[in-house]
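Asker: If you want the building blocks of each chain, they are given just below.
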Amino acid sequence: MSGAYGPLPRKEDARFIRGRGLFVDDITLPGMLYGAILRSPLAHARIVSIDPAAARAHPRVEAVLTGEELAELGLAWMPTLSQDTQAVLATDKVRFQGQEIAFVVAQDRYSARDALELIHVEYEPLPVVVDAERALEPGAPVIRDDLPGKADNHIFDWEAGDKAATDAVFATADVVVSQDMLYPRSHPAPLETCGIVADMDRVSGRLTVWSTSQAPHAHRTIYALVAGIPEHKIRVISPDIGGGFGNKVPIYPGYICAIAGAMTTGRPVKWVEDRSENLMSTSFARDYHMHGEIAATAGGRVLALRARVLADHGSFNATAQPTKYPAGFFHIFTGSYDLRAAHCSVTAVYTNKAPGGVAYSCSFRVTEAVFLVERMMDLLARELGMDPADLRMKNLLRPEQFPYTCPTGWQYDSGDYPRALALAMDMAGYPELRREQAARRERGEYMGIGISFFTEGVGAGPRSHMDILGLGMADGVSLRVHPTGTAVLGVSCQTQGQGHETTFAQIVAHELGMSPGDIDVVHGDTDRTPFGLGTYGSRSTPVSGAAAAMVARKVRERARAVASAMLEVSPDDLEWAAGRWQVRGDPAQAAGIAEIAMAAHSALELPDGVEGHLDAEVVYNPPNLTFPFGAYICVTDVDPGTGQVTVRRFIAVDDCGVRINPMIVEGQVHGGLADGIGMALMQVIAFDAEGNCLGGSFMDYLLPTSVECPSWELGQTVTPSPHHPIGAKGVGESATVGSPAAIVNSVLDALAPFGVRHADMPLTPANVWSAIQGRRLRTDLAFP
Amino acid sequence: MPDMQITVTVNGSPFTREVEPRLLLIHFLRDDLGLTGSHWGCDTSNCGACVVWLDEIPVKSCTVLAAMADGRRVLTVEGLERRGRLDPVQEAFARCHGLQCGFCTPGMMLTARWLLDHHPDPSPAEIREALSGQVCRCTGYENIVRSVQWAASYEAGLDGKAGAPAGEATQ
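Residue numbers (this note's numbering), protein chains in the order written: chain Z, 1 to 784; chain R, 1 to 171.
Note that these hints are calculated values from the structure, not bench results.
Accuracy of the hints is not assured; some may be wrong.
As the list claims (entries may be wrong) - Pairwise CB distance ranges, derived in the manner of DEER restraints:
| # | chain 1 | residue 1 | chain 2 | residue 2 | range |
| --- | --- | --- | --- | --- | --- |
| 1 | R | Thr9 | Z | Asp688 | 44 to 50 Å |
| 2 | R | Thr9 | Z | Asp639 | 55 to 61 Å |
| 3 | Z | Pro127 | R | Thr7 | 44 to 50 Å |
| 4 | R | Glu56 | Z | Glu231 | 32 to 38 Å |
| 5 | Z | Arg206 | R | Asp3 | 19 to 25 Å |
| 6 | R | Arg22 | Z | Ser49 | 27 to 33 Å |
| 7 | Z | Asp639 | R | Glu56 | 36 to 42 Å |
| 8 | Z | Arg419 | R | Gly157 | 49 to 55 Å |
| 9 | R | Arg83 | Z | Pro483 | 34 to 40 Å |
| 10 | Z | Pro403 | R | Gly157 | 39 to 45 Å |
| 11 | R | Glu81 | Z | Gln401 | 40 to 46 Å |
As the list claims (entries may be wrong) - Computed list of chain R residues with no C-beta within reach of chain Z, every gap over 12 Å:
| # | residue |
| --- | --- |
| 12 | Pro2 |
| 13 | Glu20 |
| 14 | Thr44 |
| 15 | Val64 |
| 16 | Val77 |
Backbone N, C-alpha and C fix where the C-beta goes; we use that ideal spot for every residue, glycine too.
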């Protein structure tokens with residue numbers, strides 16, 4: 001092997017450090033117009049009338065679209081990723097604050113916004129429900145009266161695991177601990193908001209969109225289904241994406257409006273949302289109201305886990321997850337432990353809040369699952385008077401148990417959990433930390449040590465049971481090798497900063513004995529890449545990365561046939577060594593990919609059945625998810641007078657199997673750890689009783705900066721995935737999934753002397769201070 | 001209000017344009033001059049994706065009117081590279097993996113350049129403080145801090161002091 005893996009500096013950076021990236025809002029087309037959306041100030045109201053006449057009369061306005069016009073085009077409603085329907089522009093009533101009502105197309109950005117002020121909408125306010133429990137009560141206002149026969153706000157009930165077996169274990173367990181906990185509504189808030197430039201060529205009937213899409217191929221198919229445009233006439237281009245984190249998976253009403261605007265005016269239309277629009281209307285995350293129960297022996301052997309979840313999905317069920325898994329992969333909530341039984345049930349409800357869900361680097365709700373089990377482990381440790389590290393070590397799955405089938409049916413591919421936890425404890429200096437904590441408590445100082453151990457299932461997924469809107473989750477790749485030996489890899493997954501142009505070139509280079517510099521990775525253009533489902537749920541390396549390795553191996557086999565003709569030996573007499581095909585026993589007789597590529601395009605007579613060229617395509621259908629894991633330890637200091645939490649240290653040991661580019665892997669982990677600080681301590685999208693969104697700007701929705709983050713201390717173990725062609729697992733979300741529980745456990749450990757058992761995220765100074773005073777705050781609502 | 005004429009020297013070149021008095025500097029740079037390296041991220045001066053220099057001071061150009069830049073100098077990311085040679089800060093961000101999606105990077109680099117011009121040997125805590133008005137959603141800040149440290153170390157070497165990292169600022 002050529003050894004192309006390693007901390008290679010990124011190919012992408014040359015343009016970004018010069019300000020030469022190309023993001024959607026950087027695109028300007030001749031004659032381009034600008035769109036802006038009028039949004040509802042009310043969370044629930046019947047629309048009596050919409051009068052756009054004054055806006056239409058604005059001298060720089062080219063068109064104003066309302067739901068009425070869209071209905072004529074058949075575009076007033078669109079399917080969500082959960083096979084619900086969502087209003088593109090409201091016609092009957094508004095269901096959340098910030099819902100789209102009208103779309104103005106004007107000659108410039110500012111005029112489009114000006115014209116929004118000229119649209120008069122008359123509303124008849126309706127009772128609002130933003131509390132998931134109240135939404136299920138009899139007599140609650142029915143939000144989705146557009147659905148035939150719908151008389152309540154219930155969306156679905158779903159369960160996993162063996163209820164009877166679990167109940168039986170609980171009935172006889174020595175110790176049972178239970179806890180209500182909220183994983184509050186959060187928002188991924190990529191620094192670049194969502195946007196689109198839509199260009200409809202009326203002559204050819206061809207639609208080209210440049211959009212902030214993590215899944216351009218899936219978007220193309222959905223546009224074809226929604227707009228009735230033949231799919232071969234649609235080209236979706238995702239240029240550089242300024243962060244996604246799941247926020248850029250769905251199709252938003254603004255995209256449909258821009259396309260409709262382009263169809264209506266015959267000119268390209270750009271729409272880019274502002275920050276408040278992004279936070280108030282696009283895909284939120286979490287909003288899981290959870291009740292956890294854990295059963296154990298008096299000696300600290302964990303036996304079973306139960307969870308009941310009330311899932312707030314907002315006003316339309318638009319969560320993005322494989323069809324068969326309406327609660328995502330939440331049922332991996334048994335975590336990293338050897339349990340006898342487990343059962344979880346999830347009930348989802350509509351509320352007068354923005355639609356979405358799943359989004360935010362959560363690996364399809366593994367985040368909520370990990371948080372639940374890791375909080376329950378800490379609560380159990382406290383109940384038993386055990387050290388939480390000892391309790392975990394005692395119950396972690398052992399290496400010889402892999403592949404391991406968990407009580408809810410997931411088959412974990414590989415792992416060495418005790419080794420990862422031991423390494424993290426060693427890096428942290430765990431016994432010394434506990435001694436320091438005890439000494440500080442004597443002095444009235446409150447220091448916390450929190451642990452989480454997580455297992456994720458990422459890389460959706462096997463086509464037999466994973467699809468989104470009926471599209472199976474396999475990924476295609478194409479590899480073209482030029483006569484002079486350079487190559488172009490076409491991938492369907494979509495980098496939003498993960499560095500695919502670099503790592504995917506490394507994968508191919510490694511397989512073919514090439515330099516990564518000789519391989520260009522093309523992505524983000526449905527006309528230039530094979531079909532695939534895009535980048536989210538940490539699926540790029542597990543699925544498309546596997547496809548890249550497989551297509552390179554296919555090219556390598558084609559090269560073998562050509563090499564056999566070049567070297568005039570049987571293919572069986574060739575072996576792949578040091579990045580070239582060489583004759584067994586005679587290494588001087590050899591050919592590398594560049595020479596073979598030229599020969600493959602030449603007049604050289606090739607063996608029967610070999611037609612020339614080396615190009616190949618592959619579709620990769622993963623046999624299973626990959627299961628990365630890690631052990632995190634967080635050290636915090638809490639000021640009991642103000643409730644201020646400082647994260648002093650964070651030790652993160654990750655095992656994501658084989659690391660293609662360790663520099664990029666570490667960068668992914670760094671970013672996710674900062675996300676953990678945000679969610680655990682700062683970020684929440686809360687609402688008041690009228691349904692006003694209280695997290696609608698960065699003044700209110702607080703993101704971690706450089707001063708809230710410590711210098712991260714990273715460690716690694718490497719347990720390859722046995723079924724992935726190069727042994728790699730996904731890593732993009734590991735730290736976001738694993739870190740919040742470590743931080744919360746750390747703060748609650750610090751607060752133990754005050755008798756504080758639990759407090760919900762975010763652990764803001766006010767929230768921590770209240771907890772110390774013995775009052776538990778409800779962090780998601782600004783009313784009792 | 002009628003349009004007004006302004007002349008702004010951007011990256012060393014003067015530009016005269018008729019603009020609306022309400023036009024924000026970030027939109028003047030991006031839409032009127034086509035300098036799309038500076039990004040817009042929040043409207044509320046919280047994220048710093050739009051940071052440029054106005055005369056010698058980093059400002060958030062989403063909350064500065066273009067009219068306020070009349071007769072003044074602006075430095076954007078496009079002006080960091082001089083005569084085909086990258087600024088050490090640019091070199092550092094690429095070397096130290098100080099960026100992922102690249103959206104916050106121009107603003108981060110401009111603040112880092114200002115910091116190093118005024119504090120050539122900043123501690124990690126001073127670097128974090130200097131960048132604390134800006135948000136990065138990808139890197140967790142670790143490698144941004146390392147990038148600034150690398151640039152400081154490199155520049156110390158250029159001044160003939162010890163501690164310069166090996167290698168030249170290339171490409």
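Asker: Please go over all the hints and tell whether each is borne out by the structure.
Answerer: We went through each hint and held it up to the structure:
1. R:Thr9 with Z:Asp688: 44 to 50 Å: The hint (44 to 50 Å, Cβ to Cβ) holds, given that R:Thr9 and Z:Asp688 are roughly 48 Å apart.
2. R:Thr9 with Z:Asp639: 55 to 61 Å: Given range 55 to 61 Å: violated, Cβ gap about 48 Å.
3. Z:Pro127 with R:Thr7: 44 to 50 Å: violated (57 Å)
4. R:Glu56 with Z:Glu231: 32 to 38 Å: Since R:Glu56 and Z:Glu231 have Cβ atoms about 54 Å apart, the given range 32 to 38 Å is violated.
5. Z:Arg206 with R:Asp3: 19 to 25 Å: Taking Cβ atoms as reference, Z:Arg206 and R:Asp3 lie about 37 Å apart, which means the hint is violated.
6. R:Arg22 with Z:Ser49: 27 to 33 Å: holds (31 Å)
7. Z:Asp639 with R:Glu56: 36 to 42 Å: holds (38 Å)
8. Z:Arg419 with R:Gly157: 49 to 55 Å: The hint (49 to 55 Å, Cβ to Cβ) is violated, given that Z:Arg419 and R:Gly157 are roughly 41 Å apart.
9. R:Arg83 with Z:Pro483: 34 to 40 Å: This hint holds: roughly 37 Å between Cβ atoms.
10. Z:Pro403 with R:Gly157: 39 to 45 Å: violated (52 Å)
11. R:Glu81 with Z:Gln401: 40 to 46 Å: Once the Cβ atoms are compared, 55 Å apart, the range 40 to 46 Å for Z:Gln401 and R:Glu81 is violated.
12. Pro2: Per Cβ check, R:Pro2 is outside 12 Å of chain Z; nearest 15 Å; holds.
13. Glu20: Given that some Cβ of chain Z is not farther than 12 Å from that of R:Glu20, nearest at about 7 Å, it is violated.
14. Thr44: The assertion about R:Thr44 is violated, with a minimum of 5 Å to chain Z.
15. Val64: holds (16 Å)
16. Val77: About 3 Å separates R:Val77 from the closest Cβ of chain Z, which leaves it inside 12 Å; violated.
Violated hints for the displayed structure, listed by number in ascending order: 2, 3, 4, 5, 8, 10, 11, 13, 14, 16.
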